[in-house]
Amino acid sequence: MDTFQQHVIDPAICIRCNTCEDTCPLDAVSHDSRNYVVDPEICNACGACISPCPTGAIDNWRAVVKGAAYSLEEQFSWDDLPEENAALAGITPEHDAIGGEDAVAIQAVDTARGSATAPRSAASPTTNLYGIKRPAEATIAGNFRLTGAETASDVRHIVLDFGSLPFPVLEGQSIGVIPPGTDAAGRPHHARQYSIASPRNGERPGYNNLSLTVKRVAAGQDGNAVDGVCSNYLCDLEKGATVKVIGPFGASFLMPDTPLSPLLMICTGTGSAPMRAMTERRRRLNHPGDENRLMLFFGARTPEELPYFGPLKKLPNRFIDVNLAFSRVPGSPKRYVQDALMERISDVAQLLADPGTHIYVCGLRGMEDGVIAALSAAADAGALDWPNLHAEMKREGRIHFETY
Amino acid sequence: MAAIDYNELIPNNVNLSSDRTLQRALEQWQPNFLSWWKDMGPDGSNNFDVYLRTAISAEPNGWAHFDHVKMPDYRWGIFLAPAEEDRRIGFGEHKGEPVWQEVPGEHRANLRRIIVTQGDTEPASVEQQRHLGLTAPSLYDLRNLFQVNVEEGRHLWAMVYLLHRYFGRDGREEGEALLQRRSGDQDNPRILNAFNEKTPDWLSFFMFTYFTDRDGKYQLCALAESAFDPLSRTTRFMLTEEAHHMFVGESGISRVVQRTCEIMKQHGVDDPAEVRKFGVIDLPTIQRYLNFHFSVTIDLFGADQSSNAALFYSAGLKGRFEESKRQDDHKLNDLVYPVLDYADGALTTHDTAMLNALNEVLRDDYIKDSVGGVERWNRVIAKLGVDFKLTVPHKAFHRSIGKLAGHHFDPQGRPISAAEWQKNVDSWLPSTEDRAYVASLMGRVIEVGKYANWIAAPTVGLNRQPIDMEYVRFN
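If you're matching them up, the sequences are chains A and B in order. Take this note's numbering: the last position of the first sequence gets the number 486, and nothing is skipped along the way. Take this note's numbering: the last position of the second sequence gets the number 494, and nothing is skipped along the way.
Bear in mind the hints are in silico, worked out from the structure with no lab data behind them. Note that the Cβ used here is the ideal one computed from N, Cα and C, for glycine as well. Careful, some of the hints might be misleading.
Claimed, not checked - Lysine-lysine pairs mimicking DSS-like chemistry, simulated, CA-CA at most 25 angstroms apart:
1) LYS408(B) - LYS422(B)
2) LYS422(B) - LYS215(A)
3) LYS217(B) - LYS215(A)
Claimed, not checked - FRET-style restraints, in silico, Cβ to Cβ:
4) ASP161(A) - PRO208(B): 40 to 48 angstroms
5) ALA150(A) - ASP105(B): 37 to 45 angstroms
6) ASP105(B) - SER153(A): 52 to 60 angstroms
7) ASP487(B) - ALA94(A): 17 to 25 angstroms
8) ARG107(B) - GLU474(A): 45 to 53 angstroms
9) GLN42(B) - PHE226(A): 48 to 56 angstroms
10) ASP347(B) - PHE226(A): 52 to 60 angstroms
11) GLN42(B) - SER153(A): 52 to 60 angstroms
12) ASN34(B) - VAL411(A): 34 to 42 angstroms
13) ASN283(A) - ASP487(B): 56 to 64 angstroms
With the hints as constraints, model all of the structure from the sequences given.
See below:
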């Protein structure tokens, strides 16, 4: 069963001040004389409304089955939030490499496990520069398949060029893409969110461009009932085509600007996009002494389905310590990222003990429990007090989750 | 002299570091502001570390930087909401023309007056609330009070910025005068009457932030429509902060009501005198406070018929609440609006030219909004199984401004004699005994995570922090 975290507003705490409606770059928030509500069809969990909310009412999430989200009518009728559906909240999807597209569209920064704030040294991000009322236009500068031709999984590396239009981004941020046309009900399609896979100075240094990692969502695959509107649109675009873009989004899942901070990166599938951006940033900086500081745990079903498999293999071991985990290799036992973490427990423990270490987790929500358990075990192995360390890392903006 | 990093000292998005004239004006004004803050800001608080939200940019992620800071070190910034490209005047005689980036000569005096009147309320409320810290019901509430105070301070900065930047020498003089008037001062009082009243206890404070800061919201919304673009952009950003103040009020009253109802159910008491024995505020007293603050606040919207309001609207200086969402011609020359009147011993309404009734239009919008929160308090009461409903009094009740001033009405709007008013006033407005009783409950609670007996703990903390966080450190 496919579930996602629906963004809802607590009517018992909300004071109807209209700040969220004013702030939302996508116009996902609306109100009647009783309640403020979030349209699950539009909200992409960009988080722009969270910190401006004076009450905290905005920061509520409910696990729901896909296709059975609370409708606007239901939300308008609430006096209190519905109870958490314990059964759903506890569901752990398969630890597969790649999630469905709808899931990507509602990825959320998990602030219970991760930091709500950026690393202290992070550069200041620009956010919400372009909204749906005034989107930016980008030109496709390249569109390459990353996964093996023989696999069913079609993951693409797509380069967008902004020409002379300012579109400043940082590693870890994301953008929204608005597919053209309308849905069955005649409404314009809502924007889908994608993490940026290139560093701040462009996919090609000095060019005003960026790259995305997009998986084509096909009907009948991974439990998807229909073809993904936006992923198919993007994956089919040819060089020279133009596309409407909003954003950038994201103000906490950012890298430290201290050049030698150790980074522990854990991802699955297209969750590798921000890791690629950060790794490439560090590679380009080429700071003296930047050795043995990056550690990557990367999960996919098979090597052929692992985006960026080739380029990753070419990076020197002393620059980045790469650990791959494959869950569907015929003849081999299923192996997930947390299994790989456990195998390297003493090295992970060493990283955890370093007060400069930053941790990033991106991919399927289902891996969170396993990753947390592995980190906790590693802390134990290193004689560290995990609950305290975890709280400290959250406070200092040193642990970040972006899962869907 | 070492170069001053203006952007660090005064977070801003008005290009302060390259505007020498503005720098010089603010260099003069800022020390006076700080000495005003030390004299008239929250009593004895200058050395506290307070968990405050500081706006460091006008982007959504920039107005919520939380940290423990000492209030005199708070970085009062100058922010304008991002400029809207090709913004046009939305109402009045100049509708459709580009908005003004400088002050037109013919509107200079009126715009200055509007800005000064708005600006004057900001330091006034800080002065009104300066002793409340000594009786805070919890660290959480103390912090909320201080947050409101520093943001009122920032709103003063916002208005002073406009005065300095656009009104030359007159503006600088007005900026100084804003620091010299004092709330409740016999010789040099604040401009508007409600801002010379005392805010003696926390129930008053919550009522004030719910009702009177909501007046601020409506005034700011009307100014956000202004043809003078810097005023519009300044007030739009202020609105984001005003929301927090109304939150403090709405959640504050909600928690007081909740606590009272819990005690009533727990001990099976209903009679106000009995309820008071348990050290909580009985619901009829809360109703009387509500009546007082509501009626005093709706006076702030001004006379029900005003040629000034018409002038301000037609000239494009001040619009209506949500002007752009309204479906009329935005000039209003031929429209009428019903206004309350008192004639031959009865309340009547008569249609009057809408342009002259714009104060009344804004007042009615405000009333609609106020009622919503009161209904939410009633849900708390009903949920706890208590049979009581809070209501807002009739618009005619206890008015001192406009045509209804000088006449007496009961809270339902029924005209009554002066004698009848005298006989009942203590059951409609807080009596001396009520105020004394509420004051008797106001003891300071500063233990981390503890809340005074008369108020429930909040459901959630601030900025995802627990409700037992050390929101204020006294040092």
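Okay, the hints, checked on the actual structure:
About 30 angstroms separates the Cα atoms of LYS408(B) and LYS422(B), which puts this hinted pair outside 25 angstroms; it is violated. The hinted pair formed by LYS422(B) and LYS215(A) fails the criterion: a straight-line CA distance of about 45 angstroms is larger than 25 angstroms. Among the hinted pairs, LYS217(B) with LYS215(A) is inconsistent with the structure: their alpha-carbon atoms are about 46 angstroms apart, more than 25 angstroms. Against the hinted window of 40 to 48 angstroms, the Cβ-Cβ separation of ASP161(A) and PRO208(B) comes to about 43 angstroms, which satisfies the hint.
Between ALA150(A) and ASP105(B) the beta carbons are some 43 angstroms apart, a value that agrees with the proposed interval 37 to 45 angstroms. Here the CB-CB span from ASP105(B) to SER153(A) is close to 37 angstroms, at odds with the stated 52 to 60 angstroms. The hinted range of 17 to 25 angstroms is satisfied by ASP487(B) and ALA94(A), whose Cβ atoms lie roughly 21 angstroms apart. Under the hint 45 to 53 angstroms, the C-beta atoms of ARG107(B) and GLU474(A), about 52 angstroms apart, fit the expected range.
Taking 48 to 56 angstroms as the suggested C-beta distance range, the pair GLN42(B) and PHE226(A) conforms, at roughly 52 angstroms. At about 56 angstroms, the beta-carbon gap between ASP347(B) and PHE226(A) stays in the expected band of 52 to 60 angstroms. Separated by about 54 angstroms at the C-beta atoms, GLN42(B) and SER153(A) satisfy the suggested range of 52 to 60 angstroms. For the pair ASN34(B) and VAL411(A), the supplied restraint of 34 to 42 angstroms is violated, since their beta-carbon distance comes to about 59 angstroms.
Checked against the hint of 56 to 64 angstroms, the C-beta distance between ASN283(A) and ASP487(B) comes to roughly 45 angstroms, which is inconsistent with it.
Hint check: violations occur at hints 1, 2, 3, 6, 12 and 13; the rest are consistent with the structure.
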